[in-house]
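Using this note's numbering, the first residue of the sequence shown is number 1, and each one after it goes up by one.
Just so you know, not all the hints are guaranteed correct.
[Said to hold, decoys possible] Listed below are the simulated DSBU-like cross-link pairs for lysine-lysine, each with C-alpha atoms no more than 35 Å apart in a straight line:
(1) Lys117 / Lys135
(2) Lys117 / Lys98
(3) Lys69 / Lys135
(4) Lys109 / Lys69
(5) Lys109 / Lys49
Honestly, the hints are just simulated from the structure, not real lab data.
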Amino acid sequence: MTSPSTFLTSDAHRETVIADLSTFVDNTVGEQGGVSGTVIKGALSAAKKVDSNIVNKAEALDPYWATFKEGGHGDSFEAYLQENSSALSNSVLETADKQAEKAPAALAKVYSPIRGKIASVVEANIAKVGPIVEKYAG
Numbered sequence: 001m002t003s004p005s006t007f008l009t010s011d012a013h014r015e016t017v018i019a020d021l022s023t024f025v026d027n028t029v030g031e032q033g034g035v036s037g038t039v040i041k042g043a044l045s046a047a048k049k050v051d052s053n054i055v056n057k058a059e060a061l062d063p064y065w066a067t068f069k070e071g072g073h074g075d076s077f078e079a080y081l082q083e084n085s086s087a088l089s090n091s092v093l094e095t096a097d098k099q100a101e102k103a104p105a106a107l108a109k110v111y112s113p114i115r116g117k118i119a120s121v122v123e124a125n126i127a128k129v130g131p132i133v134e135k136y137a138g
């Protein structure tokens with residue numbers, strides 16, 4: 001069984017995966033309103049300038065994909081991710097936290113105060129990555 005961090009980054013899919021995931025992220029962030037939504041949109045824009053390689057963050061999905069593929073978790077990876085959205089969002093945010101530590105000071109300064117809001121957005125939407133993963137799983 002191939003993991004998402006492998007098949008999503010393969011040369012055969014890389015560009016279309018980046019486009020699909022970028023569209024997903026942009027749409028999700030674009031739906032955020034108010035002051036915190038504006039700040040998240042600005043932080044995303046700045047983060048993309050530092051590291052636009054969203055596909056290389058796919059390793060957080062690997063253990064969830066492996067467990068899902070073992071069976072007994074239904075037919076939809078999206079539904080499985082929804083059931084595990086809290087744990088998966090924590091994994092994704094741990095990766096983001098590590099990236100923020102390496103980021104320029106200005107970006108890290110923006111990230112820290114809005115991390116809680118980002119966490120709620122990630123947890124509420126992370127399952128929507130499921131169909132994208134399944135699309136490229138082959």
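Tested hints:
Taking the CA atoms of Lys117 and Lys135, the gap is near 29 Å; set against the 35 Å cutoff, the hint holds. Using a Cα cut-off of 35 Å, the hinted pair Lys117 and Lys98 holds, with the two alpha carbons roughly 17 Å apart. A distance of roughly 14 Å separates the Cα atoms of Lys69 and Lys135; the hinted pair therefore holds under the 35 Å criterion. For a cut-off of 35 Å, the pair hint linking Lys109 to Lys69 is broken: about 39 Å separates their Cα positions.
This hinted pair checks out: Lys109 and Lys49 have alpha carbons roughly 15 Å apart, not beyond 35 Å.
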